[in-house]
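For the protein sequence lines, the chains are A and B, in the order given.
With positions in the first sequence counted from 1, the corresponding number in the numbering used here is that position plus 7.
With positions in the second sequence counted from 1, the corresponding number in the numbering used here is that position plus 15.
In case anyone wonders, no lab produced these hints; they're calculated from the structure.
It cannot be assumed that every hint is accurate.
Stretch by stretch, here's where chain A covers chain B in the computed footprint (C-beta under 8 Å, at least three residues) [claimed, not checked]:
hint, region
1, 35-44
2, 107-116
Across the chosen pairs, the derived CB separations fall in these ranges [stated by the list, open to error]:
hint, chain 1, residue 1, chain 2, residue 2, range
3, A, 66, B, 45, 20 to 28 Å
4, B, 73, A, 15, 34 to 42 Å
5, A, 23, B, 45, 41 to 49 Å
6, B, 27, A, 25, 34 to 42 Å
7, A, 124, B, 66, 41 to 49 Å
All C-beta atoms in this analysis are idealised placements derived from N, C-alpha and C, irrespective of residue type, glycine included.
Now for the letters of each chain:
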Amino acid sequence: GAVVSQHPSRVICKSGTSVKIECRSLDFQATTMFWYRQFPKQSLMLMATSNEGSKATYEQGVEKDKFLINHASLTLSTLTVTSAHPEDSSFYICSARPETGGNTEAFFGQGTRLTVV
Amino acid sequence: GDSVTQMEGPVTLSEEAFLTINCTYTATGYPSLFWYVQYPGEGLQLLLKATKADDKGSNKGFEATYRKETTSFHLEKGSVQVSDSAVYFCALGYNFNKFYFGSGTKLNVKP
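Looking at chain A on its own, in the form it has when it is part of the complex (with noise of 0.2 Å):
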């Protein structure tokens, strides 16, 4: 099936400083791919969606200008935790659906565990 990759799969970052996370389909193109944080004990979380060539679309409460999502190619997704804290350490995963039209499943990364210290 599909692949979607994601890299790292585990970072830890000093408070303060900021860690990308890549989101890449391997085999397919995806206009729209989405990304998911999971605290301890606590559902996947919708975070926002990532449109090729325009803006992220955001989920009510989480921060446009801390989490910034770049989806450059039909190919590549990057959400960057800017200025990260503690509060922050998470488990991030992301999403992509292939652009054949009709209800064709979703592939998901592995994730990755971000730890700020």
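Assemble chain B onto chain A, guided by the hints.
The following block gives chain B in isolation, referenced to the frame of chain A:
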């Protein structure tokens, strides 16, 4: 709004035991229901889905039935294997776009 609640884990079973992971949902529209599985170090993989009430999704011996009257989509398997050890996520979604996930249930199957 839309939401999904699934049983907390971890669930620990012996090989060949019967598995049930409960999942209930709240929906504003008419979503499809899904079970995703995540093996260590891998992305979420679609395990099965059901698109409307009374549909049964099945795959790899796992089954779940879309029950509108009880707003449930419980995952079952008659005989689990060690290789089924993973984290299972129940979800609802509209046209495979925006998903609402449960918190995940970790399954440990012992030989």
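Quick check on a hinted range of 34 to 42 Å for residue 27 of chain B and residue 25 of chain A, using CB atoms only.
Given range 34 to 42 Å: holds, Cβ gap about 40 Å.
Within 20 to 28 Å or not, the Cβ separation of residue 66 of chain A and residue 45 of chain B?
holds (21 Å)
Mind taking a look at whether chain A covers the region 35-44 of chain B? Criterion is 3 or more residues with CB to CB distance under 8 Å.
violated (count 0)
Residue 23 of chain A paired with residue 45 of chain B, Cβ distance criterion 41 to 49 Å
holds (46 Å)
So is the region 107-116 of chain B in contact with chain A by the C-beta rule, three or more residues under 8 Å, or is the coverage claim wrong?
With 8 residues closer than 8 Å to chain A, the region 107-116 of chain B meets the three-residue bar; holds.
Holds or violated: the 41 to 49 Å window for the beta-carbon distance between residue 124 of chain A and residue 66 of chain B?
For residue 124 of chain A and residue 66 of chain B the Cβ distance comes to about 44 Å; the hint holds.
Given the hint of 34 to 42 Å, is the C-beta distance from residue 73 of chain B to residue 15 of chain A inside that range or not?
This hint holds: roughly 35 Å between Cβ atoms.
Hint check: a violation occurs at hint 1 only; the rest are consistent with the structure.
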